[in-house]
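Listed below are the residues making up each chain.
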Amino acid sequence: MTRGGVLAAAICLVGLALGAKMTATPVHARHTAPVVTDRGAQLYRVTCLSCHGPRGDGHSLYPVPGMAAPALSHLDPRRWTKARIIEVVRAGSPPMPAFGSVLSGADILRLARYVRAMERH
Amino acid sequence: MGMTRREVLRWLVAWSGALVTASPVHALARLRPVRAFTPRLRAVQITDLHYGYRGSGNPDPAASLSQALYQIQQLNPELLLITGDLIEADADPRVRERRLEDIWERLQGLRIPLLAVPGEQDALMDAGALWQRVVGPLHFHESSGGVHVIGLDNVSRGFLLGRSERDWLAQELRSLDEGVPLLVAAHAPLAWYYPAWNWYTYDGPAASAMVARFPHRLFVHGHVHQLLTDEVGGVKGFGARAVSFSYPLPDSRHALALMPIPMAAGAVDTGLGLRDIRFAGTFQITDRPLAPLAGSVKP
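Heads up: the protein sequence lines correspond to chains A and B, in order.
As numbered in this note's numbering, residues -16 to 104 make up the first sequence, in order.
As numbered in this note's numbering, residues 1375 to 1673 make up the second sequence, in order.
Just so you know, the hints here were simulated from the structure itself, not pulled from any lab data.
Values in this document were obtained by computation on a predicted structure and should not be read as measured data.
The beta carbon of each residue, even a glycine, is placed where N, CA and C say it ideally should be.
Honestly, I wouldn't trust all of these hints.
As the list claims (entries may be wrong) - A short, non-exhaustive set of chain A residues, derived as facing chain B with CB atoms under 8 Å:
1) TYR45
2) PRO46
3) PRO78
4) ALA81
Isolated chain A (complex conformation):
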């Protein structure tokens, strides 16, 4: 093989290796979805988000005619104490569901903490 041929072969090999590397890890695949580790946030996503909205501002993803879920991000903290939030989550107030029969007391507390944290944002 001539020197030029060797060089061309080497360039091809490097190009193939780079190509293979790029194919193995495409740019869009390098981003991983954020993992929600906070239990309160996880519970909010499942039990509250559909009606109170992803940001807790009352912009429902599941609109039901005649039903408007309050904006949790704008609750008056003097009226909506943690104890009151816990009680509403537990016992419900139609159409607000009563989660007391499916969530543990500890989970309701975590959810209430998460909702209180939303108020400040």
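Given chain A's structure and the hints, the job is docking chain B onto it.
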């Protein structure tokens, strides 16, 4: 030889038993070959009628409803199973009451046995009070043609069953031989298909675990307004087409508000339909699109 009263009674009981055993009727009952009862069922499932709906999802929902009722009459099932959202919700309880009374009357006019579970539009606003007044119990266990039909309420207190309904379900299922055919119906899926649109039942997996021991089982639901299959705990759920309007599939990358797919006036492929459910040894479901109304027959 004298007998005490107790001895006389014992003698009478012993001889009456012998006489009954020896009687020809009893002998016939024992000797006649037993013809095994084979459960059979021909049912139709409709869902999400949203009676009173106005919007871009269906420019003429009254015509769609008439089509559905006409098709049901043609199929002439032994049971009409309705999986919720009979009405479109409204803030005014009088409007909800009028709608539910009207649609229930129209369905009763078909003169087909009806079983119905509530949807959130029917029951969430007042925790099922109106439903119980107009339609009946929120959850039930009935038998039709030897098929046990369990209706679940996973909407009236939120998208969940709750402890008391789970306990009730466990008790009902405990009393059944696992060989019996079991048709379970609810409005929302038991699986956590997409909680952001309330397409889930919080404690649905617990209910699935109870149902899973029955080899002849079928779980059908509404709420999703399209043909969907979901699964939790080995129990498949079959979401059905609506009678009113159709929904898109959720896209988990973008949290968008759920909106009906707009339907053009006079559309042929409406995305609406009903479901034929049969049991003859095994369950079979056939999903049928709403066909154009033939003639002018209106129930």
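Taking the hints in turn, this is what the structure says about them:
no.: 1; hint: TYR45; result: 5 Å, holds
no.: 2; hint: PRO46; result: 6 Å, holds
no.: 3; hint: PRO78; result: 5 Å, holds
no.: 4; hint: ALA81; result: 5 Å, holds
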